[in-house]
Amino acid sequence: MADTKKDLLLKIRDLRIEGYSDEKWLEIVHGIDLTLHKGEVMGLIGESGAGKSTIGLAAMGFARDGCRISGGSIEFDGMELTTTSESDRRALRGSRIAYVAQSAAASFNPAHKIIDQHTEAPIHYRIRKRLEAQEDAMELYERLRLPNPQEIGFRYPHQVSGGQLQRAMTAMAMACRPDLIIFDEPTTALDVTTQIEVLAAIRDIVEQFNTAAIYITHDLAVVAQMADTIKVLLKGNEVEEADTETMLSNPKEDYTKSLWAVRSFKREQKERPGGGAVPVVSVQNVDASYGDTPVLHDVSFDIYAGMTVAVVGESGSGKSTTARCITGLLPPSSGKIVMNGVEMPPGYKQRSKEQLRQAQMIYQMADTALNPKVRICDIIGRPAQFYMGLKGGALKSRVDELLDLIELEPSKYYSRYPTELSGGQKQRIGIARALAAEPNFIICDEVTSALDQLVAEGILKLLDRLQKELNLAYMFITHDLATVRSIADEVVVMKQGEVVDSGPKNEMFTPPHHPYTDLLLSSVPEMDPNWLTTVLEERGVDNIGEAATV
Amino acid sequence: MSDVLSIVLKRLGLGLITLLVISILIFFAVELLPGDIAQAVLGQGATEENLKALREQLGLNQPAIFRYLEWLGGAVQGDFGVSLISGRSVAETIGPRFAATLFLASYAAVIAVPIAILLGIIVALLRDSIFDRVANVLTLTSISSPEFFLGYVLILYLAVKNPWFPALANVNFQDIGTVELYYRTFLPALTMVLVVVAHMMRMTRASIINLLASPYIEMARLKGTPAWKVIVKHALPNAWAPIINVVALNLAYLITGVVLVEVVFVYPGIGQLLVDSVTKRDFPVVQACCLIFAATFILLNLAADVGAILTNPRLRHPK
Amino acid sequence: MNYFVIGYYALLIGASCLAAYYSVRSAFLLLFSLTLVSFIVGIVGGESALWTITICAGILALCIGTAYAFREFLVIVLWGEGSKAIKTAPLTATFGLFVIMTYAIAGIFAPIIAPYGEAEVIAGAFAPADENMLLGADQLGRDLFSRLVFGARNTVGIALLATTFAFVLGALAGLIAATLGGFFDNLMSRVVDVIMSVPSLIFALLLLSIMGTNAFVLIFIIAIIYAPRVFRLTRAVAGNVVVMDYIEAARLRGEGLWYLIRREILPNSTAPLIAEFGLEFCFVFLLVAGLSFLGLGIQPPTADWGSMVRENATLISFGEITPLFPAGAIALLTVAVNFVVDWMLFRSSGLKG
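Chains as they are written, first to last, in full-length UniProt numbering: chain X, 1 to 550; chain Y, 1 to 319; chain Z, 1 to 353.
Be careful, since some hints might not be right.
What the hints assert, rightly or not - Cβ pair distances, simulated, as ranges: (1) Y/Leu299 to Z/Thr102: 40 to 46 Å; (2) X/Arg130 to Y/Leu72: 57 to 63 Å; (3) Z/Glu120 to Y/Ala99: 53 to 59 Å; (4) X/Arg64 to Z/Val217: 53 to 59 Å; (5) Y/Ile122 to Z/Asn214: 45 to 51 Å; (6) Z/Thr164 to X/Lys396: 35 to 41 Å.
Said to hold, decoys possible - Using 25 Å as the maximum straight-line C-alpha spacing, the simulated SDA-like pairs for lysine to any residue come out as follows: (7) X/Lys129 to Y/Pro237; (8) X/Lys373 to Z/Glu255; (9) X/Lys113 to Y/Ile244; (10) X/Lys24 to Y/Ala213; (11) X/Lys113 to Y/Ile209.
Unchecked claim - One-sided excerpt, in silico: chain Y residues whose CB lies under 7 Å from chain Z: (12) Gly13; (13) Thr18; (14) Ser144; (15) Ser145; (16) Ile155; (17) Leu156; (18) Leu260; (19) Phe293.
None of these hints come from the bench; they were simulated from the model. Yeah, the Cβ is synthetic: ideal placement off N, Cα and C, and Gly gets one too.
Please build the complete structure, drawing on both the sequences and the hints.
This is the structure in structure tokens:
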């Protein structure tokens, strides 16, 4: 890959960008350098707020409303973008630099057919005539392995699925055979099994046309598949840059190392208690529907005290709905929920205080899970007050005790508001609120997926410690198999409202698998840069297009 | 298309039901009167015989449901009964006045709609500039002023201090020519234009800005599409629904605003008639006027909804 | 051509050039477009039109000055969050606050401020202004200024009362509907749809014709008409809060309806609700004024701005601006409230995202 004869395409020096908020301009990108050669793919990686998208757009000489490029230089193929006229800059967009947005569904104009939006740029730049451009579009659709390439372009965006739309957008970016494409998190909104097809399609087409690309993402494993070099960003600053191999095997900075550290946390798999132990929660043949739409069919599994059952599946598989049935938010249409041998009334309104207390929930988004207008002491104290009737001094010491339990210093956090806390701290408060009810069962709904790697790891360790101390049963809803590997005792795989596979974790992760489990497992990107190639070879490229429809 | 058709039909049906409920409301509101209509009309000093005679004449001896059905049946055919005061047929009294009001409202609308939409789009494109801020203050001032304030200011400056237009628009439709008619009714029309343009401009601006913030507009800009083409090709086809909505809502607003303007300029419209009838407690006329206003209002809202449905690309091209 | 006209244009063009020289873009655009407009207006309307523009500009400058001074005053007087918020407030908002404060003082201390009684006849009909009467007398010879001051109490008071009434009714129903959902929510939404499909002024006229006109009936009717609007908004605002996970957590804890509303939902919807209160007040106020103007609202001899406009309307045809004072008083308050609401809406939307 290290071809030194490549020509320079993009040279950014000391780029500074300001954003407008609270009536003043604040610098959000602090002097970034970036060098990209023709045909080279660079991955920009960082957490949300790192300035990745802003930098990507700046490479096109573009700043969103409320942002402005305040300093530095952006040189594209010898042309200085910060000083040229807007019309010259515009002439580059679409023709020599193209953009692929995160949400294809929102970025295609609903009023026009896909192919008309595709041919807009080539016709505008007089690169191709309409018919030619349409022919070319169909060819690109074919190369990107879209179904019915001759016909799909004549549909409207809302008539096409998300994964296909994302590929159509990549085709659109290719319409003028640009020198550079900015990919702004193109697969983030997609499910893993769809993501793999889109990744493969993007990688192939970029290689075929020898296009340079900036690939923006927060997913390390994805960027490892796509990029030649990786640049790590943190809060508008560069942390480090290196070629992919070096970056993965030998990162220099601590921050990068922390990102790279593959889940070090692993624990022993526990076995079900034998001898007629009663499960804490038993879901028995549950069917459920939203209105007339059935969402769950014949779901059954048991969770025993002190054990963690991970429920995995893609979006729409019914894993969260199952949780709603257990808590009684969505009364099942048939089947039953049994807790500690007692059948629960279907709806939460019919359940007694004592029954409600037994099962608690921790949510994915700590931001929406904590009332921003209520102090921490009241958030944690309310369940203790409500269920145990604690008051005054007893309540205060209970709250202190709970804060200690989640490793937050009571004196410091007792009377703060949630908005003053970091994401990880908020999630801990959510855990404390659940513990305050002294439950024996907790549902964890994607509790780590909104958090950064290190913070997530801390939360997992905390949950594990609490489980050991308090003998809690967890139902762990997640789509992240790495999390499953580290924390689960048993795994339940769901697809379209049904349980397709279940069993102890070790069995689930060793072949032979159920076909869907296999597809799911093999679609999760791994840190190995050759992963995508290997998987595609294993599956045989032709299968890719059908993966979504399996 | 059948999908769209069923949605539109559903919406029409809903409008019809609403209108029916409104008619019930209007009819039975009068039944809430302490005593009954006869007593309310004749007052405290009425003799028992007079009351009896009037009750007989109004058919008050029959049950309310029966009278409602009779009233509704008449209303559907354009017969609203007889005025308690003048004894003339309500339909005959209202007819020409309703026509006059429609004339004034459409006069104002024809001027206001294009100006407002154009200005709204311009202001949206120039957002956060000095013009936008000035326009914001001006339109806010205009919608905050009562119609009669604007009306009297216009009279003072355009009719009294500079006698360019007649202050009063108590026109008689039969006697004057078309040009004269437009001239004589210019001030009331202008008053309504001022209020409605302000409203419409603000709403157009808001919906256009909302539209310009969508990712597909950014995508179009990132494809190198020139600014005018972004507006014409990418924004406009999606802007019809909000614009139709704005127009219909403001036409509905014109219908209400017209009452005050007619009184200020002594214009012989239905609003003026309604106010007179309310003062004189001429219930059949009040009921009829209310029903007509409500029906127009519902119709315009219906038009807005149907327009939005018909211009929605997602509904026009179903999966 | 006289000195005024020459001076007028010289000043404008000079100021435009200065603005251009110091590259103050917005000031230049404003001044120069004013110059261009003046050319047209001057040609059509002559010198008097230019005088009008000058007077308007003067009044505007005065307003801006007041707003600026009042903002500085508030920044010093207030403390903590309030002071910080005011510091970044636009001048229109502080101008609005200033006007609202003035009206409040006039309304509360009306008997002290007004030189004469509300219904006191002290001069001949339509007597012109003199040293006793700031604005002259009305059609019965009552002091117009005194009646204006009392009007602040009556008109604004009734509008405020009606709005509060409508708000309590609508907001409560809206919060309950959003929290309960299901049947109650659907039923209320249908009822509200029906009531809102009749224009408010027309509905008010219908009810007034039946119930007769007095202040209590007026307040009651307006509350009935506006409560649905408040309901719809509260329902929408609370609807955004109800879907939050912390509400779900509270529900699953087994909390009751009242706790959910009071502790979880209400604290998170106050900002938009306060702004909505201002907006509703404007509508109600205009409706009260409109009804009074039609002779169907507040009844004489109570001083009220709407009916004052109607009573003095004949003066307009003699070129007198007297009837415009009560009308202007109505407009000014509505504008002021709208300015403040505009700012609050901007703030609450800005804070969210």
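The hints, checked one at a time:
{"no.": "1", "hint": "Y/Leu299 to Z/Thr102: 40 to 46 Å", "verdict": "holds, 43 Å"}
{"no.": "2", "hint": "X/Arg130 to Y/Leu72: 57 to 63 Å", "verdict": "holds, 59 Å"}
{"no.": "3", "hint": "Z/Glu120 to Y/Ala99: 53 to 59 Å", "verdict": "violated, 47 Å"}
{"no.": "4", "hint": "X/Arg64 to Z/Val217: 53 to 59 Å", "verdict": "holds, 55 Å"}
{"no.": "5", "hint": "Y/Ile122 to Z/Asn214: 45 to 51 Å", "verdict": "holds, 48 Å"}
{"no.": "6", "hint": "Z/Thr164 to X/Lys396: 35 to 41 Å", "verdict": "holds, 39 Å"}
{"no.": "7", "hint": "X/Lys129 to Y/Pro237", "verdict": "holds, 24 Å"}
{"no.": "8", "hint": "X/Lys373 to Z/Glu255", "verdict": "holds, 17 Å"}
{"no.": "9", "hint": "X/Lys113 to Y/Ile244", "verdict": "holds, 23 Å"}
{"no.": "10", "hint": "X/Lys24 to Y/Ala213", "verdict": "holds, 21 Å"}
{"no.": "11", "hint": "X/Lys113 to Y/Ile209", "verdict": "holds, 24 Å"}
{"no.": "12", "hint": "Gly13", "verdict": "violated, 14 Å"}
{"no.": "13", "hint": "Thr18", "verdict": "holds, 5 Å"}
{"no.": "14", "hint": "Ser144", "verdict": "holds, 4 Å"}
{"no.": "15", "hint": "Ser145", "verdict": "holds, 4 Å"}
{"no.": "16", "hint": "Ile155", "verdict": "holds, 6 Å"}
{"no.": "17", "hint": "Leu156", "verdict": "holds, 6 Å"}
{"no.": "18", "hint": "Leu260", "verdict": "holds, 5 Å"}
{"no.": "19", "hint": "Phe293", "verdict": "holds, 4 Å"}
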